[in-house]
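Engineer: All chains should be built: construct the whole structure from the sequences, respecting the hints.
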Amino acid sequence: MPQPNPHAPTPGKSAIALHSSSLACLFLLAYLSASQALFAQEKNPYAGDLKIAKLGEYQFRLNCAFCHGLGARGGGRGPDLTRPQKRHGNSDAEVFHNIHDGIPGTAMPAATNGGIGVGMSDEEIWQVVTYLRSAQLKAPAKPEGNAAHGKELFNGAAGCSTCHMMEGKGGRLGPDLTSVGASRSTEYLVESLRNPSRRLAQGIFEAMKEFPQEYESVSVVTADGTKLSGVVLNEDQFTLQMLDTREQLHLFDKDKLRSFEKRRESAMPAYNQKTLSDKDLQDLIAYLQSTGAQ
Amino acid sequence: MKRSPAVEKLKSRFLSRKGRGFGMTVSRAAATILQASVICAGLASVASAQVAAQRLLDSAKEPQNWLMYSGDYAGRRYSTLDQINTKNVATMVPKWAYQTMAGGKFETTPLVVDGVLYATGADDRAFALDARSGRPIWQYQRALPPDIRPCCGRVNRGFAILGDKVFLGTLDAHVIALDTKTGNIVWDVEAAEHTKGYSITLAPLVIKNLVLIGVSGGEYGIRGFIDAYDAATGARKWRFYTVPAPGEPGHETWEGDSWKIGGAPAWITGTYDRATNTTFWTTGNPSPSNRGEGRAGDNLYSNSLLALDPDTGKLKWYFQFTKHDEHDYDATQVPVLVDDGDRHLIVQANRNGFFYVIDRISGKLLSATPYGRVTWSNSKDASGVPIERKEASPTLTGVPVCPGALGATNWFSPTYDPQTKLFYVSAREQCDIFSTAPQPYEAGHAFYGSAYFPNDDAQPFWGAVRAIDPATSQIKWELKHLSPSWSGVLSTAGGLVFTGDAEGNFMALDAATGKILWHFQCGASVYASPMTYAIDGKQYVAIAAGSTLFTFGLP
Chain A
42 MPQPNPHAPT
52 PGKSAIALHS
62 SSLACLFLLA
72 YLSASQALFA
82 QEKNPYAGDL
92 KIAKLGEYQF
102 RLNCAFCHGL
112 GARGGGRGPD
122 LTRPQKRHGN
132 SDAEVFHNIH
142 DGIPGTAMPA
152 ATNGGIGVGM
162 SDEEIWQVVT
172 YLRSAQLKAP
182 AKPEGNAAHG
192 KELFNGAAGC
202 STCHMMEGKG
212 GRLGPDLTSV
222 GASRSTEYLV
232 ESLRNPSRRL
242 AQGIFEAMKE
252 FPQEYESVSV
262 VTADGTKLSG
272 VVLNEDQFTL
282 QMLDTREQLH
292 LFDKDKLRSF
302 EKRRESAMPA
312 YNQKTLSDKD
322 LQDLIAYLQS
332 TGAQ
Chain B
657 MKRSPAVEKL
667 KSRFLSRKGR
677 GFGMTVSRAA
687 ATILQASVIC
697 AGLASVASAQ
707 VAAQRLLDSA
717 KEPQNWLMYS
727 GDYAGRRYST
737 LDQINTKNVA
747 TMVPKWAYQT
757 MAGGKFETTP
767 LVVDGVLYAT
777 GADDRAFALD
787 ARSGRPIWQY
797 QRALPPDIRP
807 CCGRVNRGFA
817 ILGDKVFLGT
827 LDAHVIALDT
837 KTGNIVWDVE
847 AAEHTKGYSI
857 TLAPLVIKNL
867 VLIGVSGGEY
877 GIRGFIDAYD
887 AATGARKWRF
897 YTVPAPGEPG
907 HETWEGDSWK
917 IGGAPAWITG
927 TYDRATNTTF
937 WTTGNPSPSN
947 RGEGRAGDNL
957 YSNSLLALDP
967 DTGKLKWYFQ
977 FTKHDEHDYD
987 ATQVPVLVDD
997 GDRHLIVQAN
1007 RNGFFYVIDR
1017 ISGKLLSATP
1027 YGRVTWSNSK
1037 DASGVPIERK
1047 EASPTLTGVP
1057 VCPGALGATN
1067 WFSPTYDPQT
1077 KLFYVSAREQ
1087 CDIFSTAPQP
1097 YEAGHAFYGS
1107 AYFPNDDAQP
1117 FWGAVRAIDP
1127 ATSQIKWELK
1137 HLSPSWSGVL
1147 STAGGLVFTG
1157 DAEGNFMALD
1167 AATGKILWHF
1177 QCGASVYASP
1187 MTYAIDGKQY
1197 VAIAAGSTLF
1207 TFGLP
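Keeping their order, the protein sequence lines are chains A and B.
For the first sequence, the numbering used here gives the first residue as 42, with consecutive numbering after it.
For the second sequence, the numbering used here gives the first residue as 657, with consecutive numbering after it.
No wet-lab data here; the hints were simulated from the structure.
A hint or two may mislead.
Cut-off 25 Å, straight-line C-alpha distance, at most; resulting in silico cross-link-like pairs (PhoX-like, lysine-lysine) [stated by the list, open to error]:
#1 Lys1171/B <-> Lys303/A
#2 Lys295/A <-> Lys1136/B
#3 Lys295/A <-> Lys743/B
#4 Lys837/B <-> Lys1132/B
#5 Lys743/B <-> Lys297/A
#6 Lys1136/B <-> Lys303/A
#7 Lys1171/B <-> Lys295/A
#8 Lys1136/B <-> Lys297/A
#9 Lys1171/B <-> Lys297/A
#10 Lys192/A <-> Lys320/A
Here are the in silico distance ranges between beta carbons for each label pair [stated by the list, open to error]:
#11 Ser162/A <-> Arg892/B: 56 to 62 Å
#12 Lys92/A <-> Ile1043/B: 37 to 43 Å
#13 Thr889/B <-> Ser175/A: 51 to 57 Å
#14 Lys268/A <-> Gly1040/B: 32 to 38 Å
#15 Trp1118/B <-> Ser162/A: 32 to 38 Å
Virtual Cβ for every residue (Gly too), placed ideally from N, Cα, C.
Structural biologist: Written out as C-alpha cells, the structure reads:
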C-alpha cells in the first residue's frame, strides 16, 4: 500500500458541506482505487523493448542522473543501479514502486509532482525500468575474492572496523558500510580505498538532508587551548557538531573556538599496494559485497 | 492493510475540523468582529480597510504596511522602518509563529495591510492573520486537481491586493480573487489549461484596476504569456505572448514550429515605473531548456526583460539577457528600478552570473559584469551583451559549465537600499555538468531535453550575500554561506540587511559591512524572501521557513 502523499490536495471550500460519513466513503474509494492501481503496476508492459529502453535512458537522464549518474553507474548521492542485486528489491514491480513512491529513510524521493525532476508519469517510470534492465550488467558481478578473508582483514589487519561499522559492529568515525557493497560499483569501492580523498563519502544514506554529511576532517582549538581533531557530523554558520578521534561528541559555538580548520581530505588513510595488496583488496570488496543486499 | 471504521471516522472528523469547519467558525466570528469594529471606529476605519490603487502608488507613505510582493513598485524590497536597527537588532526575539502544516517549500512573501497579514502557502493554501499575534482570521485551501504540473514544487509566492480583494495565481493555472474579510472566492478564471503544463506560482502585480500575472511551465513546452485581469470582475483585458506568432516581430528568431512550444514563462512578479507608465516583466528559458537543437535563433522573448504598457499590454522595448539559452538561465529575477541622479536604471543580478545595468527609458544595456563564477560566456557582442561560448553548449556526454542549472542566483528577491546605494543579492556558487537528452514533445509532459548533475570532482557548492554597487558594478562586500542559499534579501533604513540560509538560519547583517549582528535557527532551509511591517508603533520582521511563518521584533 503506497503511503498517502503528504502533498495531496485536501478538499477546498466546496467540501465544507460534506458530511463526515461521506468523507469516510471517499477514503474507502481512494483506498480501493490505490490498491487496484498497485495491482496494475505489477508487470512491465515494455519488458525487453529496446526502443522503449532508449526512451527510458533519456527519461533517466532527465530525472535520475542528477543522483545516479549518467549510465546509472552511481553518482554523488545515488547508488549504482547497474548491479543485478538491488538493495531495495529486484523485481520490476519493486523497482517501479521505488521510483513511484520513493524509499523511506533514504534520499530517494517519490516521482510525484515536486519529487523527482518535474514529476514522472507511470508510463515514463516503466520506460526507466526497461532502461535499467537493459543497462544491468549481464553476468552477475560475482566477487572473485574471498569474503571470509576480507572479513578478517576488515576487523583485523586492515583496521577498517576502527572507524567503520558492518552490521552493527565497528567504529563511528567513518560511514557505516553495511550496505555500501550493495549500492556502489566495484570501481567506486576500489577508488575509495586507494584514494579516499578524491571524493568524500556522500550522503547516500542520509535521509531528509539536503546537504549530506561528507565526513570532512576537522581540527579545532577550544577556548581553553584543548586541541581536538576528528570528523564533522554537521555544521552551520554558527555551530559545529563533531566526533573526535576517540568518538567523543563535541558541540561548539564557532565564535568561541580559538581556531577551527576544516579539510576536504578524508581522515581515512589511502591504502596502497604495500598496505593492502590487490589480492587483499579483492577479498575486502568481496566481504563488503556479501552483506547488505537485504 | 484494512483500516477499522473507527479509524476512518476519527480521520474524517479530524480532517473536517482541521479543514473547513474550523475556518468557517473563525471567519464567521471574524466577520462579526470586523463589523463591530467598523461600527465602533466609524468611517475612517472603513476607508482604511480598502486598498485603493492610489495607496499602492504611494506605498512609501505607509511604511507600516507591506502592500505588494516586493514592498514597492520599484521592486526594491526596502523599508524605511528603522525601529529595529544596527544598535538594537542583537536583542531581537521571536514574536509569534504560524504553522501551515504543509510539506514542501514555503516561498511566500506576506502582505500586511492595517494590522492584517495575508499570505499563501504550499498547495495553494492561503490565510489572513492578526499581524500582532499570528491568530488566523480566515483560511483558504484550493481543491487542486490531481493532474497539475508544477515543475519545481507545489509552491506559491504570495498575494497582490486591491480594494477588498486579494489575488492569487494557482497551480492549476487559474487566477482567483478572495474577499479580504472572509477568504471567500469572489471570482475565479482559468488563465490556461493546466494539463498542457501551465501553472502559476508567482504573486500578481496590481496596477491601477488591473491584476497582472504571468505563468510557469518552461519545463513543459508551453507558450508563455503575461495577462491582465480586471480586478473587479476577473475579465481578461489583455494578453502578451512572450513567444511571437507568425507575422509578429521576433517570430523569425524561432526555427520552424518551435515557437509553438517555445516556453519563455513569466514566473516572477514584475515592477512598475509610474513616471513613464511602464511595467517591467522578465521571462524564463526557451523550451526545451538545455537543448538548442530544433530551435535555432535567439528565441525571443525568452530570458528577456519586457517593457510593457500596463493599460494595453503593448511592448515598448525588450532586452534579451541570454540569447538561445541552453543552460536554463531564466531571467526571472525581480527587475529593480534604481535612480542614480538623472540616470533611470533597471538593475538585475541575472541567473546567468552577470550583473546588468540597463537604461529603463531606452532599454539600452549600459553594462554587464560577472558577480559570480561564469564560464558559459567569454565574449560580448557589439552592444556589450554576453554571448555563449561554443564549447559550453551541452553534449550527450556532458560539459561542465558555471553557473550550474540552478543559476548564480534564482527567483528569490534581491534588495536595493537607497541609503547605502547598494544592491544586495543571494549568490550561488555551483557549477554543473550539462548533457542533452533528445526527447519528443508531448503535451503536458516534462520537456527539457537535458540532464544536469554535479561534477564528482567539484569543490563543494557554496553561496554568499553580495553587496554590489550599481554605479561601478563592483562587489563591496560578501558574506559567505556554507552552501548556496534560496533566501531573498530585505534591506531597511535601520542599516540592516535580512536574509536566510540553507542551514535554516535567519540573520540580520550590517548593510554597510555584511557583519552578522543577529541570527535565529528556524529549523528548516529558507526558501523565501523576508519582509517587514509595523503595528501600534512596533516593527516586525517576517520570514517563511519549513511550514512556519516566523515574525521577530524587539523584546
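Engineer: What hints, given by number in increasing order, does this structure fail?
Structural biologist: As far as the earlier hints go, 4, 11, 14 are violated by this structure, in ascending order.
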